[in-house]
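Go by the hints and put chain B onto chain A.
If you're matching them up, the sequences are chains A and B in order.
Heads up: the first sequence is residues 1 to 385, going by the numbering used here.
Heads up: the second sequence is residues 386 to 701, going by the numbering used here.
It is possible that some hints are incorrect.
Heads up, incomplete: computed chain B residues facing chain A, CB under 8 angstroms, no partners named [said to hold, decoys possible]:
#: 1; residue: 461
#: 2; residue: 466
#: 3; residue: 473
#: 4; residue: 490
Listed next, the in silico DMTMM-like pairs over lysine to aspartate or glutamate satisfying Cα-Cα at most 25 angstroms (straight line) [as the list claims (entries may be wrong)]:
#: 5; chain 1: A; residue 1: 217; chain 2: B; residue 2: 679
#: 6; chain 1: A; residue 1: 94; chain 2: B; residue 2: 424
#: 7; chain 1: B; residue 1: 406; chain 2: B; residue 2: 679
#: 8; chain 1: B; residue 1: 445; chain 2: A; residue 2: 357
#: 9; chain 1: A; residue 1: 351; chain 2: B; residue 2: 592
#: 10; chain 1: A; residue 1: 85; chain 2: A; residue 2: 113
#: 11; chain 1: B; residue 1: 513; chain 2: A; residue 2: 113
#: 12; chain 1: B; residue 1: 513; chain 2: A; residue 2: 216
#: 13; chain 1: A; residue 1: 217; chain 2: B; residue 2: 480
Quick partial rundown of chain A residues pointing at chain B, CB under 7 angstroms, derived from the structure [as the list claims (entries may be wrong)]:
#: 14; residue: 11
#: 15; residue: 14
#: 16; residue: 17
#: 17; residue: 21
#: 18; residue: 28
#: 19; residue: 220
#: 20; residue: 223
#: 21; residue: 224
#: 22; residue: 226
#: 23; residue: 227
#: 24; residue: 229
#: 25; residue: 230
#: 26; residue: 324
It is worth saying that the hints were derived from the structure and are not from the lab.
Note that the Cβ used here is the ideal one computed from N, Cα and C, for glycine as well.
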Amino acid sequence: MKRRFTSMRASLAVVGHLLRKEFLQIFRNRGMLPIIFIMPFIQLVILSNAATFDVPQVRFHLQDFDRSALSDRLVKRFTSTGYFKMTGESFRQKSGIDALVAGKSEMVLVIPEDFEQEMMTGGHARIQLLIDAEDGFTAGVIRGYANEIVASFNRDLPELLPQLAGTQSVLPVIDIRSRGWYNPELIYTDYMVPGVLVVLVTLIGLFLSGMNVVREKEIGTIDQINVTPIRRWQFITGKLVPFWIIGLSELTVGLVIARLGFHVPMLGSYGVIYLVAAIYLLVVLGMGLLISTVTESQQQAMFIAWFFMVIFTLLSGLFTPIESMPHWAQNLTLFNPVRHFVDIMRRVMLKGAGIGDITTPLFMLAVQAIILLSFAVNRYRKVSV
Amino acid sequence: MKQAVVAEGLSKSFGAVEALKAASFSVSGAELFGLIGADGAGKTTLFRILATLLLPDSGKATLLDLDTVAGYRQIRTRIGYMPGRFSLYQDLSVEENLNFFATVFGATVEENYELIRDIYAQLEPFRKRRAGQLSGGMKQKLALSCALVHRPELLLLDEPTTGVDAVSRQEFWQMLRRLKSQGITILVSTPYMDEASLCDRVAFMQDGRILAIDTPQGITKLFTKPLFAVRASDKHRLIIELRSFEHTRSAYAFGSSVHYTDRRSDAAPEELAAWLRSRGFGDATVERIAPGIEDTFMALMENGAAQSRKEEAGDG
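One chain only, chain A, in its complex shape (with noise of 0.2 angstroms):
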């Protein structure tokens, strides 16, 4: 019992040894720790900043070819509630095209002729929205704001034309006010730094251990570590458990950033976030070195980690909502780690979810760990064939 003891002491002494190699050679790295250290800051606070689908003002090209009172209201209506700018005015259809065309309006509204003598007459008419949708995203933004403004216009109309209330047979009498739980602002940034967050913390796991092993392997020094002693669990625990710490020290940055700077609130509980996070690493980790043990370069390796890290950030649901995707890619995110972590981020900060409500995507990646991290053991061979 006693000397069972003693060797494991002694083999978790080389661990020890192992870790203190790998931590002087990262913080003696020049180049690398400006790239650890500050530049996911850098691009936590830019991102979150710029990744906003919020559509500031919208410029939209007039053909008012009314010219009524009612026609004028109605584009009051659009200008007064500063999210329309109207940059151009013109009575020829090309014109309006052309605007769009050039870009320099994202929306024509068009008025017919008699469009007030046929509300006066008939209770309705029609005018014409025209919406750049290049950017599909945006396009529906427009409209949503467009139609609003039309609702509403139409809601008023009572009042605007006391002559009509009589005819008017339908009036709306459901008012539709909408509401917005766990983020009632709609403020993106809370949203948004969550999520970006995550992505930088897999950006950094996965391509400080993906560039590890194989580095040892390019320079030549895995030859001299393959003929120790060393086994391969101490190797590979030395090799994962800087860049676990790391990966959550990254973490603890980029939460203190998230509330103090972006102010996002966090109703969830630290523990709960740093438990999953401390999973999360290990699955990213183990891929990582999956990668390093069965590439030849660093280059190679490189590659094959910017063709998942691109697959991830797509798949993820950060940008582009999952329920939106394709029935088959819907179910590809299910295998997708940095899927999980940012609804469960999103989730925990914003919506104060505990433990027992994400214990579905928690399991997901605890499965992914286990698996990833014991094929990477299994493809690390001291002896090549």
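Just chain B, lined up with the frame of chain A:
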């Protein structure tokens, strides 16, 4: 333990390239054994198999009575291996490298300092310097220190003196002799033929084969044909002329003279001198000499090449 290394019929191919062809040899305890051969002779492949880093296709090897395949784990704690390429951490300092390699073997620099003192003493002034910034000779000394720091019984040194200046090379061999005197068995490879005479025994390798194994003195006995040292003022023209002589077997520059071997076993120096004078070398001198180890290797290499050619012709 009488034999520190026993290799029997080791073969290894990489795709279509046969890097090692049934190599067999043995090294006794506390022997300084040299593997001599040009680049691509298969020395590194042989070393990697012995160092338990590579599995042979066929054949087997035992180190310190342990099989390289079955007993690799015990072997690794008892040997020191220095790869041909500098394989220490360039971003760690001299001291950090040495400490690291001591500790992963469960040893400390202090307890084995005695063994490496001679070598490490020269590195001491640079102990804070990063390994990557050392000169070639210093790098080799550090690599040797790291391979020795856990007090191995057997040292495998793959081309330790390649790319090192002449003075450092000489120092390096002195260190090896001192280590040998402390009972450490050393297997060392080198592409420099002049280093062969510094070994107890040498094996000559070419194209994956071991062509001869003997002591440096013994190996020269393999050289049976008469050898002449020829001197004349225009050495370059002398070699060209000698190669056109009908009885010439080989003629190559060797220091200030040209070493000439004849096809006939009873050739006389006077005959050659007369012929040279008739070709306009008025000052030519010819003198019969005893073959050195390098002459033997040159002859072995030619024989080996001729044999390979014959085999290829036979295959076709």
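Q. Between residue 513 of chain B and residue 113 of chain A, does the CA-CA distance stay at or below 25 angstroms?
A. violated (88 angstroms)
(Q) Given residue 324 of chain A as an interface hint, is its Cβ closer than 7 angstroms to any Cβ of chain B? (A) violated (47 angstroms)
**Q.** Given hint residue 229 of chain A near chain B, where the shortest CB pair must fall under 7 angstroms
**A.** This hint holds: residue 229 of chain A lies near chain B, its Cβ roughly 5 angstroms from the closest one there, short of 7 angstroms.
Q | 25 angstroms limit on alpha-carbon distance, applied to hinted pair residue 94 of chain A and residue 424 of chain B | A | Cα-Cα ~78 angstroms, so violated.
Q) Is the hint on residue 224 of chain A kept, meaning its closest Cβ partner in chain B is under 7 angstroms away? A) This interface hint holds because 4 angstroms falls under the 7 angstroms limit.
Q | Given hint residue 357 of chain A paired with residue 445 of chain B - CA-CA distance at most 25 angstroms | A | violated (59 angstroms)
Q.
A closest beta-carbon separation below 8 angstroms is what the hint needs, so does residue 473 of chain B meet it against chain A?
A. Hint holds; residue 473 of chain B Cβ to chain A Cβ min 7 angstroms, cut 8 angstroms.
Q) Should the hint that residue 461 of chain B touches chain A count as held when the rule is a Cβ pair under 8 angstroms? A) holds (5 angstroms)
Q.
Min Cβ distance, residue 220 of chain A to chain B: is it shorter than 7 angstroms?
A. holds (4 angstroms)
(Q) Need the status of pair residue 217 of chain A, residue 679 of chain B: alpha-carbon distance at most 25 angstroms? (A) Roughly 36 angstroms between the alpha carbons, so the hint for residue 217 of chain A and residue 679 of chain B is violated.
(Q) Tell me if the straight-line CA distance from residue 513 of chain B to residue 216 of chain A falls inside 25 angstroms. (A) Roughly 22 angstroms separates the two Cα atoms, so the pair holds.
Q) Given the proposed pairing of residue 406 of chain B with residue 679 of chain B, does the C-alpha separation stay at or below 25 angstroms? A) Holds. Residue 406 of chain B to residue 679 of chain B sits at ~24 angstroms (cutoff 25 angstroms).
The structure is inconsistent with the numbered hints 5, 6, 8, 9, 11, 14 and 26, although it conforms to all the rest.
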